[in-house]
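Read in order, the letters of the sequence shown correspond to residues 1488 to 1678 in our numbering.
In case anyone wonders, no lab produced these hints; they're calculated from the structure.
Idealized CB from N, CA, C, for every residue including glycine.
Hints are not guaranteed to be accurate.
[What the hints assert, rightly or not] DSSO-like mimics (lysine-lysine), calculated; alpha carbons at most 30 Å apart, straight line: (1) K1671 x K1578; (2) K1582 x K1566; (3) K1582 x K1671.
[Unchecked claim] Pairwise CB distance ranges (calculated): (4) P1575 x N1633: 30 to 36 Å; (5) E1668 x S1588: 16 to 22 Å; (6) E1602 x A1651: 29 to 35 Å.
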Amino acid sequence: MKVSALFTAVLAATGASAAPAPGPKPCSSPFGIMTLRSASPLHFGQVSAARSNLFIHLPDQHAQCRGGDRPTGATLYIKDQELFLLTPPGKPVQKIYVDRSGMGQGYLGYTTGQETLPRYAETRGWQVGENNILNFNGTGLIACPNSMDGAWSIWAFIGIDRPAGQEGCLGFSPMIIPDTEALKCQYTQRQ
């Protein structure tokens, strides 16, 4: 008995553990995204979805939501490393994709229902890392100003500081915030 207690104490003191090393957190509960970038216009921003794109500081998503609500932020969830917008039952699924090709330069968008993904689109690789920060295959996100209605457009960061030649882009930390209301909406598509 004393030997096993001593062995346990040694393991605890050295930090050894039989538990697996922490990895990405599975996440299937609905969440919103708060943007973090100190001393910038992005700090404490909210991620929105409209016209098959994701934005920060979009004044109106024009989403159709249950109960007629008009939220300013999107509600999302992760399933099998794919990121989805939370849609009402019976409505088409809306799935987020990333185009990291030379042409896409980290373009981030979403498809609705059976809509065909762009040629180089990737959907798997979304995970929540330390401090509840969302990432795509271990890489962060970047936002560029002067988009639709004065919002910032969101891109996956692939080493390009100015995707599509845009100026003033900033990297940020997309922190997931559990969404207890989990409002189900159908977000607008590209026209």
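Each hint, compared with the structure:
no. : hint                      : verdict
1   : K1671 x K1578             : holds, 10 Å
2   : K1582 x K1566             : holds, 10 Å
3   : K1582 x K1671             : holds, 14 Å
4   : P1575 x N1633: 30 to 36 Å : holds, 32 Å
5   : E1668 x S1588: 16 to 22 Å : violated, 37 Å
6   : E1602 x A1651: 29 to 35 Å : violated, 22 Å
Going through the hint list in order, the structure does not satisfy hints 5, 6.
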